[in-house]
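A.B. asks: Sequence:
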Amino acid sequence: ALLWASGEHARQTAALRLAETNRHIAAFQSAPVGAAWQRLTGVWHAQQPRQHALLRRIAERSGAPLQAELVNYRAFVIDMIDEHGLAPAIDTVIRFYRRVAWCVRIGSCDATLAAGAFGNGAWSFRNQHYYWLRNEYPIGEIDRVIEAIAPRAAEQE
-5 ALLWASGEHA
5 RQTAALRLAE
15 TNRHIAAFQS
25 APVGAAWQRL
35 TGVWHAQQPR
45 QHALLRRIAE
55 RSGAPLQAEL
65 VNYRAFVIDM
75 IDEHGLAPAI
85 DTVIRFYRRV
95 AWCVRIGSCD
105 ATLAAGAFGN
115 GAWSFRNQHY
125 YWLRNEYPIG
135 EIDRVIEAIA
145 PRAAEQE
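Be aware that the sequence shown starts at -5, since it is given in this note's numbering, and climbs by one per residue.
Hints were generated in silico from the structure; no laboratory data involved.
Pair by pair, the computed Cβ-Cβ distance ranges are:
1. 64 x 2: 54 to 60 Å
2. 54 x 77: 24 to 30 Å
3. 54 x 10: 47 to 53 Å
4. 79 x 138: 23 to 29 Å
Every value quoted in this text rests on a predicted model; they were computed, and no experiment measured them. For every residue, glycine included, the Cβ atom is placed at its ideal position computed from N, Cα and C.
Construct the complete structure from the given sequences, taking the supplied hints into account.
C.D. replies: In structure tokens form, the structure reads like this:
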């Protein structure tokens, strides 16, 4: 009876973890998080040609010219976020990722499912907005939040 109860408790706990993770997945797809994500994605897609041109120049440079291009790219990211008023959308996504990270850390969310649902997107979000995030948040804290959702071992640095 004790083994049965132990197994039943483990099954119920796993089911609760899956349900809570699925609740976060659904929240990501609906307002306000889904709307924020769509806003960010839309602006970045519209700016892709400009971004790719800057990234090509970075890849072709070294030394002082590389540093100059990195300064240009940093300015592009920060200016684009300011020009398009993306700060509230970024903050919405950060708050969401903090909730998911907390859920994973305390064991209420399934870590594997959360990593699969949010991992690549979370790291891409962090990398895409790095220069702005670095100015607005302690970047180490952002990295720890995303690391809790999708450990770097799963992300190609």
